[in-house]
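Could you build all of it, start to finish, from the sequences and the hints given here?
Protein chains: 2
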Amino acid sequence: MTRIKSAAVIGAGVIGSGWIARLLLNGIDVYVYDPSEEAPQNVDKVIENAGRAYKKLLTPDLPKRGSLVFKNSVAEASKSADIIIEAVPERLSVKQAVYKEVEHSAKSNAIIASSTSGILPTELQAEMSSPDRLIVAHPFNPVYLLPLVELVGGSKTSTKAIENAKRIVTEIGMFPLHIKKEIPAFIADRLLESVWREALWLVNDDIATTEEIDNAIRYGFGLRWAQMGLFETYRLAGGEAGMRHFISQFGPCLEWPWTHLMDVPEFTEELVDKVSNQSDEQSGQFSIHELEKKRDDNLVDFLKVLKENRWGAGNTLKEFEDRLNKTKKRTDFAKLDLTAPLLTLKTKVLKEWADYNGHMTESRYLECFSEASTEMMAIVGVDEEYISSIGSYFTVETHIRHLDEVLIGERVYATTQVIHGAGKKLHLFHYLYHNDGRLLATAEHMLIHVNLETRGASIPSDLVINRVECVHEAHQKLKKPEGLARAVGDKY
Amino acid sequence: MTRIKSAAVIGAGVIGSGWIARLLLNGIDVYVYDPSEEAPQNVDKVIENAGRAYKKLLTPDLPKRGSLVFKNSVAEASKSADIIIEAVPERLSVKQAVYKEVEHSAKSNAIIASSTSGILPTELQAEMSSPDRLIVAHPFNPVYLLPLVELVGGSKTSTKAIENAKRIVTEIGMFPLHIKKEIPAFIADRLLESVWREALWLVNDDIATTEEIDNAIRYGFGLRWAQMGLFETYRLAGGEAGMRHFISQFGPCLEWPWTHLMDVPEFTEELVDKVSNQSDEQSGQFSIHELEKKRDDNLVDFLKVLKENRWGAGNTLKEFEDRLNKTKKRTDFAKLDLTAPLLTLKTKVLKEWADYNGHMTESRYLECFSEASTEMMAIVGVDEEYISSIGSYFTVETHIRHLDEVLIGERVYATTQVIHGAGKKLHLFHYLYHNDGRLLATAEHMLIHVNLETRGASIPSDLVINRVECVHEAHQKLKKPEGLARAVGDKY
Numbered sequence: 001m002t003r004i005k006s007a008a009v010i011g012a013g014v015i016g017s018g019w020i021a022r023l024l025l026n027g028i029d030v031y032v033y034d035p036s037e038e039a040p041q042n043v044d045k046v047i048e049n050a051g052r053a054y055k056k057l058l059t060p061d062l063p064k065r066g067s068l069v070f071k072n073s074v075a076e077a078s079k080s081a082d083i084i085i086e087a088v089p090e091r092l093s094v095k096q097a098v099y100k101e102v103e104h105s106a107k108s109n110a111i112i113a114s115s116t117s118g119i120l121p122t123e124l125q126a127e128m129s130s131p132d133r134l135i136v137a138h139p140f141n142p143v144y145l146l147p148l149v150e151l152v153g154g155s156k157t158s159t160k161a162i163e164n165a166k167r168i169v170t171e172i173g174m175f176p177l178h179i180k181k182e183i184p185a186f187i188a189d190r191l192l193e194s195v196w197r198e199a200l201w202l203v204n205d206d207i208a209t210t211e212e213i214d215n216a217i218r219y220g221f222g223l224r225w226a227q228m229g230l231f232e233t234y235r236l237a238g239g240e241a242g243m244r245h246f247i248s249q250f251g252p253c254l255e256w257p258w259t260h261l262m263d264v265p266e267f268t269e270e271l272v273d274k275v276s277n278q279s280d281e282q283s284g285q286f287s288i289h290e291l292e293k294k295r296d297d298n299l300v301d302f303l304k305v306l307k308e309n310r311w312g313a314g315n316t317l318k319e320f321e322d323r324l325n326k327t328k329k330r331t332d333f334a335k336l337d338l339t340a341p342l343l344t345l346k347t348k349v350l351k352e353w354a355d356y357n358g359h360m361t362e363s364r365y366l367e368c369f370s371e372a373s374t375e376m377m378a379i380v381g382v383d384e385e386y387i388s389s390i391g392s393y394f395t396v397e398t399h400i401r402h403l404d405e406v407l408i409g410e411r412v413y414a415t416t417q418v419i420h421g422a423g424k425k426l427h428l429f430h431y432l433y434h435n436d437g438r439l440l441a442t443a444e445h446m447l448i449h450v451n452l453e454t455r456g457a458s459i460p461s462d463l464v465i466n467r468v469e470c471v472h473e474a475h476q477k478l479k480k481p482e483g484l485a486r487a488v489g490d491k492y
Numbered sequence: 001m002t003r004i005k006s007a008a009v010i011g012a013g014v015i016g017s018g019w020i021a022r023l024l025l026n027g028i029d030v031y032v033y034d035p036s037e038e039a040p041q042n043v044d045k046v047i048e049n050a051g052r053a054y055k056k057l058l059t060p061d062l063p064k065r066g067s068l069v070f071k072n073s074v075a076e077a078s079k080s081a082d083i084i085i086e087a088v089p090e091r092l093s094v095k096q097a098v099y100k101e102v103e104h105s106a107k108s109n110a111i112i113a114s115s116t117s118g119i120l121p122t123e124l125q126a127e128m129s130s131p132d133r134l135i136v137a138h139p140f141n142p143v144y145l146l147p148l149v150e151l152v153g154g155s156k157t158s159t160k161a162i163e164n165a166k167r168i169v170t171e172i173g174m175f176p177l178h179i180k181k182e183i184p185a186f187i188a189d190r191l192l193e194s195v196w197r198e199a200l201w202l203v204n205d206d207i208a209t210t211e212e213i214d215n216a217i218r219y220g221f222g223l224r225w226a227q228m229g230l231f232e233t234y235r236l237a238g239g240e241a242g243m244r245h246f247i248s249q250f251g252p253c254l255e256w257p258w259t260h261l262m263d264v265p266e267f268t269e270e271l272v273d274k275v276s277n278q279s280d281e282q283s284g285q286f287s288i289h290e291l292e293k294k295r296d297d298n299l300v301d302f303l304k305v306l307k308e309n310r311w312g313a314g315n316t317l318k319e320f321e322d323r324l325n326k327t328k329k330r331t332d333f334a335k336l337d338l339t340a341p342l343l344t345l346k347t348k349v350l351k352e353w354a355d356y357n358g359h360m361t362e363s364r365y366l367e368c369f370s371e372a373s374t375e376m377m378a379i380v381g382v383d384e385e386y387i388s389s390i391g392s393y394f395t396v397e398t399h400i401r402h403l404d405e406v407l408i409g410e411r412v413y414a415t416t417q418v419i420h421g422a423g424k425k426l427h428l429f430h431y432l433y434h435n436d437g438r439l440l441a442t443a444e445h446m447l448i449h450v451n452l453e454t455r456g457a458s459i460p461s462d463l464v465i466n467r468v469e470c471v472h473e474a475h476q477k478l479k480k481p482e483g484l485a486r487a488v489g490d491k492y
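Those sequence lines, one after another, are chains A and B. Sequential numbering from 1 applies to the first sequence in the numbering used here. Sequential numbering from 1 applies to the second sequence in the numbering used here.
Misleading hints may appear alongside valid ones.
If several chains are the same, the list does not tell them apart, and a pair holds so long as it fits within one copy or across any two.
[Said to hold, decoys possible] Each computed SDA-like pair below joins lysine to any residue, with the alpha-carbon atoms no more than 20 angstroms apart:
id, residue 1, residue 2
1, 56, 363
2, 181, 201
3, 480, 388
4, 425, 457
5, 274, 413
6, 55, 71
Please keep in mind that the hints were generated in silico from the structure rather than gathered at the bench.
Given below as structure tokens:
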């Protein structure tokens, strides 16, 4: 099975809309069925949130967005989809009725994935004519940002269906956690349920308000759990003696009379009121939409931090970006148009690039130019492999002119002209443009080829020299850049 | 009560050492008693971790580190301390014995704070002669980074003791959560206990391994809990209908047969083995020290993200930094030594500043020089307040010479010479040195004073002009920098 082209989503509530957004932004066409009149509008809002978040999250460009089509029935939505995602209310009979309709029209090799957060796949598939392709794929809100998806097969689910589901969710940037033994509520929701139950007791008994409980989480162990789970965190609490030491100390506490968990708080009108009122007091100053934006901003930044630190969910993001980058092809050197400066950078000015003056800060200009130099090096053959085995170019001198401002969120690109290239020397001139064509800045760089073992100047490989000379010869015919060879202050 | 000067910490395990590190780095002298011979060495390691983390976390400088003194008894350690923190094993009799000794020697107005994670303060203070000053201050590992501290008073604790404890922990960058009703295990550990119990069941029944459970947390809801807690997250899951809608949907699930929580897993040798072995398989490739560094790096970056986004624990960090900034003094302009270039930067080359060539990447050089320019601006009076009301200097031209390499972890500093300063112009020449004295790079900048409303060139305030001219006049007598006014390629 190759990369999927289309998906159906049955039910467009919070979870269904999250799936739709993630799929669409990954270039997959999505057919949706939801009987509610408000569904299209709600879906649009979630897609907008997702688009906003991805713009901040991802360095590479996403593929062209898929098309979104609302259909009038489950059968019509399912007809040509490679995967059918069911996200209807948590009632077995409702779900089974959906599968019946899906099976009538779906392609024979399409996967049917339930978003249920608790019902066993064996029960879900009980009345299906081809139960082997039914799998639970349980995601977490917001589906377009949180990588986790729990995959659970039922007794009749085929290995192939599980493998295909893994591949499909990985492809769209998610982290599949295959749960090998069926259990109601799977893993994450069992943990969440236990906390939820305890938290309700605390509110019920007036030990703490909803806000105090939330603060006990997010100022403390919540910060640990975003990166390590329960066991790895406790491993650290045991000090160098590790897990065995910790568990032998902490284990017995389980039998302490520390918890109400042996009992279930009764769900009285009074308790519902108490929780709702406390929650209003805690968060009521923000609309849900504002809270969603805040949550997404934080999630985006956490994921970027984890990517930078090569840890946990950041690894999933890194692999996703690598896949996106791989599909980006570099033009063959022989086919490059050398009658103009070469395109060496396309990027967006991210929020975190701003300085206290409210525009792109000066060191980010050099970061852009540095990336343009790296791309220029890759064009002439100094790529990752070359750097690890032969050498690299080091910048020895830089001159930057700032000509115009660029604001956060705007797009820029760079072009590069080779001024001189021979032997160990590479003299570059970069132009940084706003997408509207304004020249923002220029940078002139002298680079020297260096042997990374001796850290001394050295001659590049024949291939690199030939390419450098080839570009240099062509670029000599171009107009000499304005500001070339200028010293700081010449103009002032 | 004014800012505290000294603290005693009784017991220097993981939690005690964390307290020690946080206090010391906040400029507070700490007297420690711990009978273990290894204590000083373990404490040193934690202080080193904390120092490393704070360097990355905090923008302002911390006050001069407090002094650390190990004492030979509880009484000696407690003698002159403003607060005595008890962090000994979780046995009531052991803790009560400590308080007896503390009360013999402590100052009458000193607070006594227990780090217990579960014992009621009313029980802790039962045999004390001045029980009003006993309070529970329950922190979370790593104490030097996680802001949460649960404050719980017993039946005899005074309001004054609670208020003083709040003030003291806030002063050292923590978030006090005052729990108004005594309950065993307080809030956070009750929630943790419930998850821990459920997780052990999952391992016990072979539903999931420790690694799978950790992944179910950190790829999913853990990312939510680092910023919002349980209730605020669920408020979002209810969509615009909010908490009441969510809870009326989700509430009934509590009565589903979803959990083993009605029972307690028996703590057999077999279960201990299983958990320890799975944990080794999951995390055994890292030493505890490596995991601690990774955890701290992630925590530091999460806290920075939250500060940037003005949310949750980031607000605590922001307030902490604001307090530190207020106490930081800049040398009076009149007292500056203008017979040499001015010191404008002292920093360390951080890990994330490396490029693929294994040394500080070129854009970080400009970041250093940019910070040096910012400091130079602040010296002549262009500080935050000036920028928000009058204007700022924008860099219009830059020339950088790279003369030597600098590796990760090494320290550098910058000095700045004013080449010319008059009217709207400010012409600077920065030197970046390795701490061993090697000149690493130079940067020449032309800056123009700009009115931030019109975004056009403008004349600075009289104070700024006077100072700029004053430095310029003095610096004219200095040697003209080598490489001044040079264009890229002049030398090559």
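Status of each hint after checking the structure:
Taking CA atoms no more than 20 angstroms apart as the test, residue 56 paired with residue 363 passes in both settings, with 19 angstroms inside one copy and 19 angstroms between copies. Taking identical chains as interchangeable, the C-alpha atoms of residue 181 and residue 201 lie at most 20 angstroms apart only when they sit on different chains, with a minimum of 13 angstroms there against 30 angstroms within one chain. When the C-alpha separation of residue 480 and residue 388 is checked against a cutoff of 20 angstroms, the pair qualifies neither within a copy, at 34 angstroms, nor between copies, at 41 angstroms. Only within a single protomer do residue 425 and residue 457 lie at most 20 angstroms apart by alpha-carbon distance; the minimum there is 9 angstroms, versus 38 angstroms between protomers.
Taking the closest pair of Cα atoms, residue 274 and residue 413 never come within 20 angstroms of each other, the shortest separation being 52 angstroms inside a single copy and 55 angstroms across copies. Taking the shortest alpha-carbon separations for residue 55 and residue 71, neither the intra-copy value of 29 angstroms nor the inter-copy value of 56 angstroms comes in at or below 20 angstroms.
Of the numbered hints stated above, those contradicted by the structure are hints 3, 5 and 6, listed in ascending order.
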